[in-house]
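Protein chains in written order, with the working numbering: chain A, 97 to 438; chain B, 97 to 438; chain C, 97 to 438; chain D, 97 to 438.
None of these hints come from the bench; they were simulated from the model.
Some clues are possibly wrong.
[To be verified] Cut-off 16 Å, straight-line C-alpha distance, at most; resulting in silico cross-link-like pairs (EDC-like, lysine to aspartate or glutamate):
1. Lys-150/A <-> Asp-402/D
2. Lys-148/C <-> Glu-368/B
3. Lys-189/D <-> Asp-166/D
4. Lys-305/A <-> Asp-326/A
5. Lys-350/D <-> Asp-326/C
6. Lys-305/D <-> Asp-402/C
7. Lys-262/D <-> Asp-354/D
8. Lys-305/A <-> Glu-378/B
9. Lys-147/B <-> Glu-433/C
10. Lys-305/C <-> Asp-402/D
11. Lys-163/C <-> Glu-378/B
12. Lys-148/D <-> Glu-368/A
13. Lys-148/C <-> Glu-378/B
14. Lys-324/D <-> Asp-402/C
15. Lys-148/B <-> Glu-435/C
16. Lys-147/B <-> Glu-368/C
Residue strings, one per chain:
Protein chains: 4
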Amino acid sequence: MIRCAIIGATGFTGVELIKILLRHPHAEITCLTSRQDSPPALSLLVSGLSKKSKLKLEKFQLAKVVKGSDVVFLCLPHTESAPVAVKLLKAGKVVIDLGADFRLNSAAAYVKWYGGWKHPEPALLKQAVYGLTEFYRAEVKQANLIANPGCYPTGASLGLIPLLKKKLIDPSSIVIDSKSGTSGAGRKLCQATFYGTVNENFKAYRVGKHQHTPEIEMAARVAGGASKLDFSFVPHLLPVERGILTTIHAKKHKGVTDAKLRQVFQNTYNSEAFVRVLGRDEFPDLKQVQNTNFCEIGLTAPKGSDWIVVVTAIDNLIKGASGQAVQNMNVRFGFSETEGFE
Amino acid sequence: MIRCAIIGATGFTGVELIKILLRHPHAEITCLTSRQDSPPALSLLVSGLSKKSKLKLEKFQLAKVVKGSDVVFLCLPHTESAPVAVKLLKAGKVVIDLGADFRLNSAAAYVKWYGGWKHPEPALLKQAVYGLTEFYRAEVKQANLIANPGCYPTGASLGLIPLLKKKLIDPSSIVIDSKSGTSGAGRKLCQATFYGTVNENFKAYRVGKHQHTPEIEMAARVAGGASKLDFSFVPHLLPVERGILTTIHAKKHKGVTDAKLRQVFQNTYNSEAFVRVLGRDEFPDLKQVQNTNFCEIGLTAPKGSDWIVVVTAIDNLIKGASGQAVQNMNVRFGFSETEGFE
Amino acid sequence: MIRCAIIGATGFTGVELIKILLRHPHAEITCLTSRQDSPPALSLLVSGLSKKSKLKLEKFQLAKVVKGSDVVFLCLPHTESAPVAVKLLKAGKVVIDLGADFRLNSAAAYVKWYGGWKHPEPALLKQAVYGLTEFYRAEVKQANLIANPGCYPTGASLGLIPLLKKKLIDPSSIVIDSKSGTSGAGRKLCQATFYGTVNENFKAYRVGKHQHTPEIEMAARVAGGASKLDFSFVPHLLPVERGILTTIHAKKHKGVTDAKLRQVFQNTYNSEAFVRVLGRDEFPDLKQVQNTNFCEIGLTAPKGSDWIVVVTAIDNLIKGASGQAVQNMNVRFGFSETEGFE
Amino acid sequence: MIRCAIIGATGFTGVELIKILLRHPHAEITCLTSRQDSPPALSLLVSGLSKKSKLKLEKFQLAKVVKGSDVVFLCLPHTESAPVAVKLLKAGKVVIDLGADFRLNSAAAYVKWYGGWKHPEPALLKQAVYGLTEFYRAEVKQANLIANPGCYPTGASLGLIPLLKKKLIDPSSIVIDSKSGTSGAGRKLCQATFYGTVNENFKAYRVGKHQHTPEIEMAARVAGGASKLDFSFVPHLLPVERGILTTIHAKKHKGVTDAKLRQVFQNTYNSEAFVRVLGRDEFPDLKQVQNTNFCEIGLTAPKGSDWIVVVTAIDNLIKGASGQAVQNMNVRFGFSETEGFE
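The shape of chain A in the complex, shown without the other chains:
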């Protein structure tokens, strides 16, 4: 049994981790910490928790976490993971960071996209492995510091990488139009998460300036073998709780047919446990992936047009966060990738 600690266990991703790990046959939760002085009862956060459950929240104590865990999941706000991670790594723990602190491979990118933040551990940026499991499996297997991908980048990369890798599209023509449920914004109370604001509404936000832009650029470029990418990425807020649907538009290279496009995706994902490529004229919706670790992908190259469209759907809290984190843990510790999900 792998002993698991979750640091920041009361947020949405922490709670999903608890749910997945409770079903995992080879993992036990040994430590749950919260920064709150009086956090809500776990039974209120984790619906369905057994009346006899002995899980409890505690304050973070480094020594205790180190002693009681083999792997530590960090579910902390940006800027708070880095200082904790460095200590846990020194103590020999495997660290899976669900935050943004180790996703980008350049300290300069944090300055530009994360409000001027100077990364306190730039050396670790090289050591961290980007945990997009399907494309970094070999690296994850060896990693002690896994930077779990962001939700938008997961949905975008799984659709973009095959297009780039197989050179099906003009890389200067890419549009990524993403739509996320509200849980992506976490539990914070603000005008944007007010029921009266979200319900029966829809909007674009952070147009041209969302902090996931450089992560998508890096993830798709590196795994896709492209040089610098200049795409248009616009995130939108859906009046639903869970799920991200990403519509990718790009201009295909001459001679790329619908059949070719389909074949590339099938070859790429055929043996993947958590990616489903849908059939002709089928496109994913959020219901099909909510509460699962699946990414579903639909695609088309309409006749008479230079454009192709790829649509991906994930649950932002599972495949876009906690599910992928457990998938990475499974890879890292040699379990079957589907443990905890079936």
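Dock chains B, C and D against chain A, hints included.
Just chains B, C and D now, with coordinates in the frame of chain A:
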């Protein structure tokens, strides 16, 4: 007082027309027809209808409609408007068709995009004026047959036309990613409009084959002064009742700045009663336009990127249908364009 | 033209008042005040506001309000209306208070149900007229201080009063089970109005201690001619924005039939412009009354049971607040009751 | 391993059963049948199903079901279970019927409440055990035919039975005001399940005539030790997918205090794995029980009133259907009651 008949008054657009015309100081509703044998009571369809209202539904009788009306609004399914319109035009009525039968200027386009339909009155396609009021005002003023634009084309065209007219973008780079509330699908009961299907869900549909594609192409090309357009258009279904948000991405021509972009839109729409161009960093949402005839537009040309983004929001049933129809009636009969809306 | 001031114009009820009064042929809005230092633009609050509208928000200044208005609508939080009202009354204005400060006729009741609040103007409690228009029309016509009813009490009283007045039920058997949309909680941001809390959820709240309990008791008892009432009132929070549905259960007196029940309601409300009594087997829903000033009522006395059920539906912001306020203004100033609504 | 067959596996309750049984360590699904000629793919119905799953739908064949199963779950529409159950019982199978055909203990009650239906197997009505696990555990342990309770009756009975058993209330004063998510209506497409009808709406339905009325009466009366009950039961339709909240109002007997009430419920449910009695001033909501087999209960006896209020919340598809069915299977086959749920 202009006497108004509504043919097909029990659908969503018919009901909206009733509501708007009831508030119109120079219009009176003289005839409401329904194809149903036992239509629901008007008080169930038009919430807020006075207990003393004398409005009633009747079966369509050409002679009666001709005798009792000055303007006839057709709210009929595709293929049903054309035969009715031709008779009403012969009888000297002004016809405003909220359906698709006269929107395209080529009978061939109907064959291709509307399931092989052979238009029964191809000669009328030349006579019909496309009622995108802001760009066809002069023509509407003279028209006896007004083809009221579709909902997606309205939202897309109001964003695209200024870009094309002022040659701000590469016309081969356009992506139109649209998201519509469910009322766009009308009242029909099917798996796609089942509560359990729509709620907490989101999906793309008719990707690469939506029948509004040629209408957007025609509307944007003609008013924008472009030659043939090959864009990517993907409509999506939102779990909300009303509203369409359209996110337009395109690659700007060298030297086009955010300021220039903004100025073009302000100049274009400054004197329009129903189009609001939002300020820097402001983007529209559906709430701001629901139950209004407004189109709100946000835009940006992010630094360091070749892309620009324009987002438009309308109420699909008002500016995207019945509101624009009344706006067109106002233009045609010489009323202030805002009558009925304030 | 009646000159109208709205004090506290940026809350939900203030905004609804603006919308209704803008359509009112005999009213003009002369003053809108907000307590906020930097309130949002009116065009963001009042969707559909004309681009040419000259309405603007200002800080409250007594002298200016007194000089510029004939009637003043108070849309202020509890405890804030009373001190303002007394000054406006002294200046000879007609005051319509949409808050709770003058609804109860006893200062002691405020102490008990409103957190120990000592009413600063107990003498005015006798002078204030309870503005449940259908049952206090004669008094409203003469009143200078109108206490506009609360949302739950409006829906409950319109269902209960005919039952009590005509002695159809055992007054000790009454259950009032109410379900409200979230706009009843106003614009405040808190855990209870967080999208993730409300969406796909439902709950009872303030069970046995809601502050509308004594108002319902007073309103139903006085107009219904009963002595003290001990009913069970439980409010619930619906994942919708607008509307209150109230299900009233009570044990009927021997010999009361479904037909008798129906007849009493029809007689009571037949000549009312804003109350619709539905037919046998018909029950109201929220859609039918949203954005209207209507109260719809369904009822039944099932065979073989001692119970009767009366269900009422209103829009909490219109008939349950701003609509009824304008209805009261119409009565007070001698206009047709439906002005502003049609 | 217990071999499980599900007859009618494509409905909402069938799909939930699949999900629960897939997680059950001592059960395997050996047969899934559907009456549809071309049912949707299981992967579309059961989101998260492994890409390698070998589960498949087949047409019902008695011999095959008999040979391949130990327990058979019937998820069939009313009137269709009875003929199938009798054959399976003769073949020695344990039958758990999630439909209504064996819930009532009198054929006459079916005639009255189920549209005149003459029960084809009245003798089996005596043999069937009502599967409200918490109160019929001993009987379930011995039963070969288990009538799994309806969703409304489960939520109502768990709140009512302790009140009646301990004689805390006047049994003639009971009001059961229930609110259900839309999945209770199943997958059928009709005006009532149209997105535009349900969304942002709320209504009472089948007032005074819902077919669960006699089941609640029987369940509460028998387990509660009361004589005939005449209560008011009104079901309502919530714009959410899952969950039933039931608000029970009743007049308490003299001397019953809040503390006494609380103690009775705690004593009743303290050792139950799936019933949580909440603390003072705490009331359940649907989120806490969705996707779980829990029933949560809040209660109060407000000072100064003769009334008490008990609120229960369940997931209609789990505790109100498939979860309780598996709970019953666990009891019947001697497993821990929580197997499959943790």
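Okay, the hints, checked on the actual structure:
no.	hint	verdict
1	Lys-150/A <-> Asp-402/D	violated, 40 Å
2	Lys-148/C <-> Glu-368/B	holds, 11 Å
3	Lys-189/D <-> Asp-166/D	holds, 6 Å
4	Lys-305/A <-> Asp-326/A	holds, 13 Å
5	Lys-350/D <-> Asp-326/C	holds, 15 Å
6	Lys-305/D <-> Asp-402/C	holds, 14 Å
7	Lys-262/D <-> Asp-354/D	holds, 14 Å
8	Lys-305/A <-> Glu-378/B	holds, 13 Å
9	Lys-147/B <-> Glu-433/C	holds, 13 Å
10	Lys-305/C <-> Asp-402/D	holds, 14 Å
11	Lys-163/C <-> Glu-378/B	violated, 38 Å
12	Lys-148/D <-> Glu-368/A	holds, 11 Å
13	Lys-148/C <-> Glu-378/B	violated, 20 Å
14	Lys-324/D <-> Asp-402/C	holds, 13 Å
15	Lys-148/B <-> Glu-435/C	holds, 14 Å
16	Lys-147/B <-> Glu-368/C	holds, 9 Å
Consistency with the previously given hints fails for numbers 1, 11, 13, ordered from lowest to highest.
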